[in-house]
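Respectively, the protein sequence lines represent chains A and B.
Numbering-wise, the first sequence is residues 1 to 613 according to our numbering.
Numbering-wise, the second sequence is residues 614 to 718 according to our numbering.
Quick caveat, the hints were computed from the structure, so don't treat them as lab data.
Only a predicted model underlies this, so the values are computations on that prediction, with no experimental measurement involved.
One or more hints might be untrue.
[To be verified] Each pair of labels, with its calculated beta carbon distance range:
{"no.": "1", "chain 1": "A", "residue 1": "N582", "chain 2": "B", "residue 2": "V680", "range": "43 to 51 angstroms"}
{"no.": "2", "chain 1": "A", "residue 1": "N582", "chain 2": "B", "residue 2": "A705", "range": "49 to 57 angstroms"}
{"no.": "3", "chain 1": "B", "residue 1": "G688", "chain 2": "A", "residue 2": "L600", "range": "22 to 30 angstroms"}
[As the list claims (entries may be wrong)] Quick look at which bits of chain B chain A covers, simulated, 3 or more residues with Cβ under 8 angstroms:
{"no.": "4", "region": "634–642"}
{"no.": "5", "region": "696–703"}
[To be verified] From chain A, some residues computed to sit far from chain B (all C-beta separations above 10 angstroms):
{"no.": "6", "residue": "P23"}
{"no.": "7", "residue": "V40"}
{"no.": "8", "residue": "D110"}
{"no.": "9", "residue": "A351"}
{"no.": "10", "residue": "A355"}
{"no.": "11", "residue": "D365"}
{"no.": "12", "residue": "A512"}
{"no.": "13", "residue": "R530"}
{"no.": "14", "residue": "L533"}
{"no.": "15", "residue": "Y561"}
Idealized CB from N, CA, C, for every residue including glycine.
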Amino acid sequence: MSEIGWLVLALPLGAALAGFLLPQRARRLAAILSVGALAVSTVLSMGLAVRVVGEQERGLDSAVTIAKFGELQVRAGIHLDGLSVVVAVAVCVVALLVQVYSVAYLRDDDSYPRYAAEVSLFTSAMLIVVLAADLIMLVVGWEIMGVCSYLLIGHYRDVPEARPAAVKAFVVTRVGDIGFLLGVLVIGIGAGSFDIMMVTANVGGLPAETVVIACLLLLAGVAGKSAQFPLHTWLPDAMVGPTPISALIHAATMVAAGIYVVARLFPLFGVDALPLTVLGVIAAITMLLGALAALAQDDIKRVLAWSTVSQIAYMSGGLAVGVPAAAVFHLLTHAAFKALLFLAAGCVLYATGRALMSQMGGLRDAMPLTFVAMTCGLAALIGLPPLSGFLSKEAVLGAAYETARGSGEGTAWVGWLVLVAGLLTVGLTAAYATRLWLRTFFGTAREKTALKPVPRLMLGSLVVLAVPTLALGPIGLRSQWLPNWLGAPDVALRPEAVTTVLSMVLSAAAIAAVAAVWRRAPDRDPVPSRAILARAFYLDEIQDFLVVRPYRWLATEVRDYDLYVVDGAVEGYGNAAGTASNLLSRLQTGNVQTYATVVLGTAAVLAIVAVLL
Amino acid sequence: MHIELAVVLAALLFSIGVYGVLARRNAVLVLMSIELMLNAVNINLVAFDVWLRDTLHSGQTFALFVVALAAAEVGVGLAIVVQVYRLRATVAVDDLDELTEPANE
Numbered sequence: 001m002s003e004i005g006w007l008v009l010a011l012p013l014g015a016a017l018a019g020f021l022l023p024q025r026a027r028r029l030a031a032i033l034s035v036g037a038l039a040v041s042t043v044l045s046m047g048l049a050v051r052v053v054g055e056q057e058r059g060l061d062s063a064v065t066i067a068k069f070g071e072l073q074v075r076a077g078i079h080l081d082g083l084s085v086v087v088a089v090a091v092c093v094v095a096l097l098v099q100v101y102s103v104a105y106l107r108d109d110d111s112y113p114r115y116a117a118e119v120s121l122f123t124s125a126m127l128i129v130v131l132a133a134d135l136i137m138l139v140v141g142w143e144i145m146g147v148c149s150y151l152l153i154g155h156y157r158d159v160p161e162a163r164p165a166a167v168k169a170f171v172v173t174r175v176g177d178i179g180f181l182l183g184v185l186v187i188g189i190g191a192g193s194f195d196i197m198m199v200t201a202n203v204g205g206l207p208a209e210t211v212v213i214a215c216l217l218l219l220a221g222v223a224g225k226s227a228q229f230p231l232h233t234w235l236p237d238a239m240v241g242p243t244p245i246s247a248l249i250h251a252a253t254m255v256a257a258g259i260y261v262v263a264r265l266f267p268l269f270g271v272d273a274l275p276l277t278v279l280g281v282i283a284a285i286t287m288l289l290g291a292l293a294a295l296a297q298d299d300i301k302r303v304l305a306w307s308t309v310s311q312i313a314y315m316s317g318g319l320a321v322g323v324p325a326a327a328v329f330h331l332l333t334h335a336a337f338k339a340l341l342f343l344a345a346g347c348v349l350y351a352t353g354r355a356l357m358s359q360m361g362g363l364r365d366a367m368p369l370t371f372v373a374m375t376c377g378l379a380a381l382i383g384l385p386p387l388s389g390f391l392s393k394e395a396v397l398g399a400a401y402e403t404a405r406g407s408g409e410g411t412a413w414v415g416w417l418v419l420v421a422g423l424l425t426v427g428l429t430a431a432y433a434t435r436l437w438l439r440t441f442f443g444t445a446r447e448k449t450a451l452k453p454v455p456r457l458m459l460g461s462l463v464v465l466a467v468p469t470l471a472l473g474p475i476g477l478r479s480q481w482l483p484n485w486l487g488a489p490d491v492a493l494r495p496e497a498v499t500t501v502l503s504m505v506l507s508a509a510a511i512a513a514v515a516a517v518w519r520r521a522p523d524r525d526p527v528p529s530r531a532i533l534a535r536a537f538y539l540d541e542i543q544d545f546l547v548v549r550p551y552r553w554l555a556t557e558v559r560d561y562d563l564y565v566v567d568g569a570v571e572g573y574g575n576a577a578g579t580a581s582n583l584l585s586r587l588q589t590g591n592v593q594t595y596a597t598v599v600l601g602t603a604a605v606l607a608i609v610a611v612l613l
Numbered sequence: 614m615h616i617e618l619a620v621v622l623a624a625l626l627f628s629i630g631v632y633g634v635l636a637r638r639n640a641v642l643v644l645m646s647i648e649l650m651l652n653a654v655n656i657n658l659v660a661f662d663v664w665l666r667d668t669l670h671s672g673q674t675f676a677l678f679v680v681a682l683a684a685a686e687v688g689v690g691l692a693i694v695v696q697v698y699r700l701r702a703t704v705a706v707d708d709l710d711e712l713t714e715p716a717n718e
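Next up, chain A with everything else stripped away, as it sits in the complex (with noise of 0.2 angstroms):
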């Protein structure tokens, strides 16, 4: 059993090792390393998923001992209960589906074998901070996603953006991570062990200042990796990335981690309101932020990179009103529809070779598949019932309802506050979702020349993506698998009709505002372009006037200081000794004469003094 957790592990994790070693011309070779490797993974994480939730084994342990620092241990281990293994297998299927995606997409591209193992090793970091049993071994696979993120973010070497992009994305998750480390080290000092399991079933016995500070701490970490605000900067611009990666970063990896996290290490969050409070309203803002800014894009990925961070707020709203069994759920229709969505719009990028709605229109016909993947994608986006989206989303809404009226768990004002701001944002999907409908795919055809034909590879990928985004959230619900795998089999996963009737009437007057303007004028714009929207309320400006500018300084004066006082004294202290020792050298005349002369000289003046004292 624990055997195969491992082996889930892995396998990526040997194909990317594999894989960097592979020739750039091994392409197909890399391919089937890569994939192989990954569907093992897949099959064996859904064996694991069966036979963990049918009940015999139940939060399985396996670990290896790496290091003792005095009572601390550090372990390499496996946990292994519902949670873990119902995210690990979305992982692995969105992880398989971009990278059969992707060799399609990278067909032309010299560097494949790098781009796969990187995948590869991306995908594994994921599955080792979802089946970790240990914080430190979690925080390993938390910076190794870190490092792929950088790496495949700035995989278009000639694209002049790609860079600053990538060292944007390490750099702005940086900030998050050192918290996030320290809140681990806090954690696992207070409670004298990185057991995952130990540390939560022990929570109590913790002083509660420590728990709130690891918290806190968390929460940085969090934010930086999930996009939350104000930290979410870096994934708007990580778009420069090839299309399959954006799926991959948005779906099921890097973002979802940091939702992952809390929802695992939940019992610490219920210790105290505070740092479920700042969760809430981290979440509110972000919603509201990232639907706002989404509405006004006009790069097609980045409509569906803004969405991500709203969608993601969403889960933190979730995890904020107390109830990580919604947004878990959420993380998995989100990871099912979001792939989707980004793999879509890949297509279509790889169709048209362009990025920007204004130039497009009237694919509809031209890319039927394409057309109505990306009709479930969006549909399950705005939460049309009975997609799993508007499941998932209900449940969130459903759970900030029930703390809003005083009768669930968390704070009623947080519940308030993530309540108003998710119906808010509920309307704004519908609004962006259909602008970005009506943009790509209605109106009058842009194309002069007729489309590059996308692989069969690509389509299929969506095909399969499809399935879960359309049945996941029903199917799911009916036998109540989710709730039980999730182990909350009594928390209510379904729509509160409150809600539901408020987000159905917000989301189809928003639909039809936008359809109403869009008919008017096919052509344009059905939302007039506001830049504070599109700029995203100028945060990054901002960012860069209070964070980036000061540290630019600051290093500027650090390196001055090093250069001329630090080196300044160094060297003076060399320079003054060398002309000191010329002068000196002056004496050393060669005339034994002048000696003589110096040193009865010298005897006559020790001599005076010696009387006169």
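Given chain A, work out where chain B should sit, using these hints.
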């Protein structure tokens, strides 16, 4: 007797010696100046020996030692001077500045 006469004579002699050592260019003259200084000391030793009426005559004994030492020193010194003359064809002390520190830059 008046010790002052002997002491002043010795001081004059010594000063002449010092001047010779510091100022004369010829190495042989420098050696001779050293002899002058030694003998100035000898005069002091003998004079104080008499003036203090030392029963053991240690001053005179020392003077004898110094004379012997001076003889040995002159032997070695002159040998060096001769060798220097053979090598350099000069005995001017200020020309023998092989050990000068060459000035940096």
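Consistency of the hints with the structure:
{"no.": "1", "hint": "N582/A / V680/B: 43 to 51 angstroms", "in the structure": "holds, 47 angstroms"}
{"no.": "2", "hint": "N582/A / A705/B: 49 to 57 angstroms", "in the structure": "violated, 28 angstroms"}
{"no.": "3", "hint": "G688/B / L600/A: 22 to 30 angstroms", "in the structure": "holds, 26 angstroms"}
{"no.": "4", "hint": "634–642", "in the structure": "holds (count 3)"}
{"no.": "5", "hint": "696–703", "in the structure": "violated (count 0)"}
{"no.": "6", "hint": "P23", "in the structure": "holds, 57 angstroms"}
{"no.": "7", "hint": "V40", "in the structure": "holds, 74 angstroms"}
{"no.": "8", "hint": "D110", "in the structure": "holds, 57 angstroms"}
{"no.": "9", "hint": "A351", "in the structure": "holds, 73 angstroms"}
{"no.": "10", "hint": "A355", "in the structure": "holds, 65 angstroms"}
{"no.": "11", "hint": "D365", "in the structure": "holds, 85 angstroms"}
{"no.": "12", "hint": "A512", "in the structure": "holds, 88 angstroms"}
{"no.": "13", "hint": "R530", "in the structure": "holds, 69 angstroms"}
{"no.": "14", "hint": "L533", "in the structure": "holds, 68 angstroms"}
{"no.": "15", "hint": "Y561", "in the structure": "holds, 31 angstroms"}
Consistency with the previously given hints fails for numbers 2, 5, ordered from lowest to highest.
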